[in-house]
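A.B. asks: Here is what each chain is made of, one letter per residue.
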Amino acid sequence: MLVALAVGLSPLPFTVATVAAQTPAAAETEQKKSDAEISSFFLDNGLQVVVIPDHRSPVVTHMLWYKVGSADEAPGKSGIAHFFEHLMFKGTKNHAPGEFSRRVSEIGGQENAFTSNDYTAYFQQVSPDALETMMSYEADRMHNLILTDDVIGPERNVILEERGSRVESEPGALLGEEMDATLYQNHPYRIPVIGWMHEIEKLNREDAIDFYQRYYAPNNAVLIVAGDVDAENVKRLGEATYGKVPRGPELPPRVRPTEPEQNTRRTVSMPDPRVSVPSVRKAWVVPSYTTAEPGEAEALDLLSEILGGGPRSRAYEALVVKEGIASGVGAYYQSDALDATAFQVYASPRGAATIDDVEKAMDAEIARIVADGVTPDELEQAKKRYVRSLIFARDSQSGMARIYGSTLTTGGTIKDIEEWPDRIEAVTTEQVQDVARRYLDQSRSVTGYLLPAEGERS
Amino acid sequence: MKAIFASVIGFGLAFLPAVAPAQAAVDIQQVTSDKGITAWLVEDYTVPIISIRFAFEGGSTQDPVGKEGLAQLMSGLFDEGAGDLGRTEFQEELDQSGAEMSFDAGPDAFYGSMRMLAEDRAEAFRLLELAVNQPRFDAEPLARIRAQMVAGIQARANDPETEASIAWANAIYGDHPYARQDEGTPETLATITRDDLRELHRDLFARDNLVVSVVGAIDAQTLKAELDRVFGSLPEAPDVGDVQRVEPKLDQQISLPFEIPQATLRLAYPGIERDDPQFFAAYLMNHILGGGTFSSRLFDEVREKRGLAYGIGSSLVNRDYSSALMIGTSTRADRAEETLGVIRDVIKRMAEEGPTEQELRDAKDYVVGAYAINNLDTSSAIARTLVQLQIEDLGIDYIDRRGDLIEAVTLEDVKAVAKRLLSAEPAIMIVGPTVSFDKG
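As given, the protein sequences belong to chains A and B, one line each in that order. So for the first sequence, the numbering used here puts the first residue at 1; every next one is plus one. So for the second sequence, the numbering used here puts the first residue at 1; every next one is plus one.
Isolated chain A, as found in the complex (with noise of 0.2 Å):
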């Protein structure tokens, strides 16, 4: 189910999963103003510095993040975004191919990158000693990267291989790209992260180094520096390292397509032999916290961990321990987007159930929200473990950085991350019931069903 969205490479037991998806993926925001230390300033080329100190141990993430998502790209390239950040691992006019990883390799630190619809990001993590090493092979790489067919090709293969495994090799990644290819009728977060097959094997080198002079400059990035460190230091090596980066085009604003008014239900279904176990999952497109009118990217996030956020959900109490007819059930909802997202719920029938039943239960559980709203004693309990998150969050020093970092390259601000307790807080049960009244209508979602082969739907 959402296992089909997240992150996840090979299915070996002795290769894990990628840094990114060993980052605990609901993690939080961050503390209140009043024990805050958190800092942010600007170079004079525009990079946007934020320092997060944690000094409980010797190790700092420098993390670099674009504001170019897969969703920037043109017509036709999909998967440049995400292509570019594999070649970001090339050499340039300072340093040989390969230099920067053996550098982070030989001082023991770890390196990764990711990409979004919204963003691309880099980080290490090494001792605080390596920090200052680390901002200039990075600073470096902003500007001064070789693109050459030589590192194309093979690179391309790669990419080639990773959809493979990524996608192909997974029913219920091709279920999910189908489905937001259908949820979204014009936006392009219809189109995935990854790139289509057909448009992924043209990309060139043309293609890399346009996006490469458009997107890659300081004042198109934010720079996340968490744990052993002090704002002063950071400025001072920033401004010697990043700092000799020029600046580069002045972007305009990042305004993509709009979705049309959505006036149908939509019905995916995809029969493969690998699932031998149905599943069902609905979608709508809602408000992310940058779109969305005050309030309600709070509402819908409250929504969905009352919904279908745990064992202690509705969804879960119905469907898998009431009535017994589901083996898992869950709502999730998308909310750092720059753009209107998605919400969804997901449903597995379990025992003598039908996929259709699963469906009813969930759907009936929505119209029970719709209908009566929430309890305040619900409402208080999903409040409660939310905040409480936040501390949890604290305990990681680049779960901090990506909440960060997520939240500046989508449209979000310090301060929506500093009062973002308090705008839960404020949430109404009349809000939640509004929010799940306007945005979960039957009459304009997405249903997708993955199926064992043709013939075999029971």
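Everything labelled a hint here was simulated from the structure, so no lab data went into it. On a predicted model such as this, the values are computed, not experimentally measured, just so you know. Do not take every clue at face value.
Short derived list, chain A residues pointing at chain B, Cβ under 7 Å [as the list claims (entries may be wrong)]:
1. Gln125
2. Pro128
3. Glu168
Computed list of chain A residues with no C-beta within reach of chain B, every gap over 10 Å [claimed, not checked]:
4. Asp363
5. Glu425
6. Thr428
All C-beta atoms in this analysis are idealised placements derived from N, C-alpha and C, irrespective of residue type, glycine included.
Chain A is already provided as a structure; the job is to place chain B on it using the hints.
C.D. replies: Just chain B now, with coordinates in the frame of chain A:
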């Protein structure tokens, strides 16, 4: 902001789990309670949370024949009612206390973890005490969790990777418990009763096979009382059956035909025991060969130079009763044979020549420096690492000693161990459109 990472895709190398650790700035105290429960404690008040992790040695290898999946099924039931609290009451109180509890069964040990807010410590430990000592295994949760496991098994049933994993385990481990799937089968799960669960709980949950570690905002004195509360009433001795050592069966070729676009390759070579004097030489050799960085030999030859695969890696698999060196990748079906050839060439060269002085230097720097980042970066990670060190009996000063153990490895040591492990004819499995095996 809850689900922020969902549609993110990573650059992609698989970082392999580190087998062994080194240098770090954690100050570990050994705490022994009045009732004799010992724990390793790292006190840290920076964030007001406490993480506890513990393990009872003896995991799914203890599942009786015909009741495979028992340990895993049991692991799903500890937060489903305990003492006089039914499922709903237990989960309500757990939620109210702000704590997160989880249990999981590995082949060799049964693990439990809890993460709590320091201010709600007493309430959280009370619930842990109930779960550890008086799990209820009520009929409804038993049926539900079993059904979820069965659904999971069925959902994976037609997946080539699953069939591959089963075939691989059977081929490598024969009729040893390591060949079994930890989650059992729908048939074996169906036979499991509440009495089976009670029996396994009684046999495994004892003080003599328990290790505990705690990290966070708690002092030794307070911890002692909590240790006694949670574990002090458990029986002294466990009742676990003997498990035989097993050598992985090498020198065999397994071909699983599937019409799929990518072929999966797996290779198994001899491994090395954790207490073997050459362990660190092997560990460094594996790192150079295919360990978790973007600069290993396999990564360079297979991915960087030829673009044959997205991920490739090797790792030392160390279980209590078996060890192996495993390599795995997925590649274009029409180039699977070529990929296998490249892998075998890389192995052959490593076996014959070993690494260079420079490669060894870099590997040492990496595995010394990476320890803290890989193993000690959050409270939960530290607790997990400290439990593993206790299971492996490496000593409370191991983290301090590890750097020296690694530095002491010579190039000759690594060459010798490369020859020792990689000269063997491996087990090889190819899953995908049929390809021929070249014994090269």
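A.B. asks: So, for every hint listed, does it hold in this structure?
C.D. replies: Hint check:
1. Gln125: Hint on A:Gln125: holds, closest Cβ of chain B at ~5 Å, below 7 Å.
2. Pro128: violated (11 Å)
3. Glu168: holds (5 Å)
4. Asp363: holds (21 Å)
5. Glu425: At roughly 14 Å from the nearest Cβ of chain B, A:Glu425 sits farther out than 10 Å, so the non-interface label holds.
6. Thr428: A:Thr428 clear of chain B: closest Cβ-Cβ about 19 Å, beyond 10 Å.
Hint 2 from the list above is the single one not met by this structure.
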